[in-house]
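Engineer: Each chain, letter by letter, is given below.
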Amino acid sequence: MKDFAYARADSTATAVEAAAAGQVSLLAGGTELLNWFRLGIAAPDRVVDIGGLDELRGIEQQASELRIGALATLNEIGEHPLVVERAGALASACLQAASAQVRNRATLGGNVLQRTRCAYFRAEEPVPWPCNKRAPGSGCAAFAGRHERHAIFGWTEDCVAVQPSDPAVALAALDAHVDVIGPAGPRAIPMREFHLTPREADDPVRETRLGPDELIVGYRIPITVRDGQAYIKIRERASYEYAIVSAAATVVRAGDEIASARVALGSVAQRPWRLPAAEAELVGAPLTRDALQPIVERAMSDAVPLPHNGFKVIMARNAAVRALLAAGGAR
Amino acid sequence: MPLSFAHQCEVGLRINGHEVRTVVSPRMTVLDWLREEVGLTGAKKGCNEGACGTCTVLVDGRRMNGCLTLVVQCDGLEITTVEGLAADDGTLSPVQQAFQDHDGFQCGYCTPGQLLSATACIAEGHATDEDSVREWMSGNICRCSAYPQITAAVLAAADAVEGR
Amino acid sequence: MTATDAPDPAQPRVEGTLKLTGAARYAADHRPAETLHAVLVGAPVAAGRLRGVETAAARALPGVVTVLTAADLPDFPELSPPSAVQVMPFTDDRIRFEGQPVAIVLGESIEAAEAGHAAVLVDCEPDTPVLIGSGRRAPAMGDDPVVFDKGDVDAARARAAVRIEQTYLQAARHHHTMETSATVAQWEFDQWDGDRLTLWDSVQASSTVIPVVSSALTIDADDVRVIAPHTGGGFGAKGYIWPHEILAAAAARVVGRPVKLQLRRSDQFSDVGYQPWMEQTIRLAADADGVLLGVEHEVVNNSGLVDTHVEPATEASKSLYAAPSIRLHQLLERVSLNVPTPMRAPVEGPGLWALESAMNELAESVGVDPLDVRLANFAETSPADGRPWSSNRLREAYEEGARRYGWRTRHSRPREDGPWRIGHGMATCSMGSFRFPGTARVRLSRDGSVVVESNVHDIGSGAQTVLSQIAAEELGVPLDRVEMRWGDTDLPRTGPTYGSSTTMGTGSAVAAAARDVQKQLADLGLADALDAMERAGIDELVGDGSFALPGGAQMNGDGEGTPYAMRTWGAIFVEVGVDPDFGVLRLRRAVGVYSAGRIVNPTTARAQMTGGIIWGWGKATMEESDQEPVHGRWLAKNLSNVAVPVNADIPSDIDVAFTDEFDEAASLIGARGIGELGATGVDAAVAAAVYDAVGVRVRELPILPWKVLAG
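Protein chains in written order, with the numbering used here: chain L, 8 to 338; chain B, 46 to 209; chain U, -15 to 695.
Some hints could be false.
In silico contact screen, one side only, chain B against chain L (beta carbon under 10 Å); selected entries [what the hints assert, rightly or not]: (1) Ser49; (2) Gly95; (3) Arg108.
Calculated directly from the structure, the hints in this document are not laboratory data. Idealized CB from N, CA, C, for every residue including glycine.
Isolated chain L (complex conformation) (with noise of 0.2 Å):
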């Protein structure tokens, strides 16, 4: 990888700070990072390594919200009580993802900012093929080529990439907030907006609503009723692998009945995708796959699959209802 001049935040101001001087990357676990440098996608001068700021840390509870530190690791977050009891969904997305060894590394502040595993987008330099994201204007070659695990929404022709991180499907699916803070001061981005797809975005290098000086400092979901909830991940091998689709769910249950739920899909888009639509209807909904299936369908019926993929229709079709079935406690 290329070189660079490294340095050690000593606090929040600070890493915001060399943010905003440009030509620098926040180095947190560095388990992707380290890959973009090695693969070209990112090539700073700089890099400012925050891991160190204990603020950014903590996994706690306060009043209805828990609060989850940026720098909390995904093994962390995955086996804490609190977690595992009160946003079960975000426990199990964390624990599914990747392999025991990154999770120890990995951060929830990074893991939202993970790129596409779009085998285009993950060549080598020299980039051998169109890539809007690797070459703005060059063209997309999944597009015309092996688009099998792209989006089924929210894509154009200038990209048809998705957003493989677990945590955020679970964290869009918990009506999550993203706290950040930049030059302005702080704000608060609401997880279901916080990733951009190529449609919204315009341009297929903006990816997220976090500003190129503006950090993630941690995130805080509302816990209100104690409602069943589930992580449900679809892949080829049993392990180690990201997603073909997945999927989210909270489901409060009243008798064989749902009250309420919540339901996102992961890997069809550069974004989690909630379904408000399937949410609505699901109200009174029997907890059975009869019931659940063509619910989902409907709030499914504006997805839009590539010429290789229209399986994943089903496939993220089925995976939220399973997810909705489990969350639910139904077999």
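Fit chains B and U to the known structure of chain L by using the hints.
Structural biologist: Chains B and U only, in chain L's frame:
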């Protein structure tokens, strides 16, 4: 106070119980440093992107991919490599012995990573049953495919460590 | 029946402590003083012409010592097997595959060399690559695609009550050895006596490195030594000799310092081979009971544009079932990829994917149990030429496997488990018996210790333990008095560590060497050997042994030159769970019973078979390397986008057993080979299980979830 950036960084850490001070380029990974500078070649390079686990080491007892960890990120920490598992008199650790007894290796290239991962897996409390071991050891790919034997070894080692 | 349950701690792998303590040294673990790190720069397009390589920016980086291009390297001659390639890179300006080496960066550190690699600019005139499916197809050998023709297949087909005709595909897939190939090259320069070269190399046959390297670099074979004690996985990827090995040595000679070249994982995709993409068509003609009247098998595999690899998958159809008429075709399709190479299991590995799938479809067509169709077609003698088998217990393997699995009662058990639909499948396993000549030396010391010497390799098969056991048994000494030395071309040269051949070939040589020692003892007229050696003032008796093939052949595949046909067989039964909502597959249990001659070490043998079954599972359900359909290069050259099985994929319920045999025709010690047999037949059994579970017939590997959903 503005940050001061450096291309050469002083790092103090421990390797297998020994204090070490070194000056490294910030881009130096723990994997390359161990293999090329320290002379501990037990940790292996399999993919250099965190997708295989052959570079697994322990940092303050937690298992991590050496290829995804920079030396500068380990200031003040303790690294354990496969060379540090056996006792000073050569007695194999319970995990090493279990891998021998249960034939948990073939070509041996993934073995250092498997051993460190297993050591941590047991300490984490994840070696409770077959399913848990299989899942929590999946970060270490074995192409020779000794998986059933590895799983048996980890379970046996857990019994030994926990005095069962 | 040799059971293989718990490992026997009394016979642990002899190299265990080395591996468990990190003391085992693989090629890239060596670093002579002054070593430079090498990183290959590959052509960024799959086809075209190289116009130039701009190295100035790279050479200016700190730590980069130099960047070698064609002008800096010697002219390489055309190479012959066992070189994997005929035409070395750097030979001309044609680009034949993406990743073809066009420059070598040499740096004082690996970071410097990698940074240098990123700074090299390669200027090409790209051309349209030749893609799989649109390449020129031609007969694989000679002018006739038909390689075997027995009886009248067309007549059989015309009168058959039942006909099956299907095409089966398998994706290209890479070996994915955990250790990427690596070579450390060090020269001793001597202008009077000639330069001498030492290589530490990640290989399966260092004896064959020498003729290729010495030919490529125009030096004497006697001046080359290869040290290779541990290889981090071979599986065929390191069987033949690849350009990077020669390039490491060439670079070291040019710069006058040792060079370490470890292929990066991305390089591994293009700089060594893979199992080719294959299209196989099977036509079966049978009577109403499923008894075969004719088998026709047509195989197409991809090769490189210039370099040739033939995957003789049709062997399966010529050697397994008693069909009175058999016709086989082999073709190559030349495309813009690096050349393929054998992979565990080659030949019958792909061949049985097609043949066994067709047999399972035949079984369904005639309404006969798939196992009974196999039994009905059991061949008492070699179908190819009528020779008797050296030793064949396949019928017993079928029955024992079926018993252990509960095959006959499989559908009386639950067909669902939560979301999983349960399916069962079976297939025959088979491999030819590759045998190579070999030599070994056994030294018996006065103190009763024994040293066994032979240049075999440790790729994980347990060969060192097996060979030590053979010597211990022959001499009647405890195993812990036997030391084995291997992995150095200064030791007695022997056959390669591939083709499941080591136990047969080198094992026989070790036995012969031990018997030579025994004979020397007997000639001395000594009753108590060790005492008598002491009295006679003899410190050491040295026995030499060899294993030769009939007619001095360099290789046998099926007992050529002997009265017998030699193969190994097995029966594999798998239980697969299919989740119909997603098409996801999970292996629930497997039973494999094998007829492979004498089993010297049940522990290492079990590891070989379960390893093979897991290889088969990976091939069946997830492994593929895709040629990108516009640009012609490998779509993904890393392990994060390309899957091999992980621990969570594999249940512990894999039951393996062997029939009791002693095959004296195949080898002095009664063994045949097992390293690859377990990896055959699994894919067909899995596909059959998927069909049994959800009624979807997938004829294209890997059986990815969307292929199941599409059904």
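Engineer: Compare the structure with each hint and give your call.
Structural biologist: Comparing the hints with the structure gives:
Hint status for Ser49 (chain B) relative to chain L: holds, with the closest Cβ pair at about 6 Å, below 10 Å. Given the 10 Å rule on beta carbons, the hint for Gly95 (chain B) holds: about 6 Å separates it from the nearest Cβ of chain L. At its closest, the beta carbon of Arg108 (chain B) sits 5 Å from a beta carbon of chain L; the interface hint therefore holds under the 10 Å criterion.
Violated hints for the displayed structure: none, as all numbered hints are satisfied.
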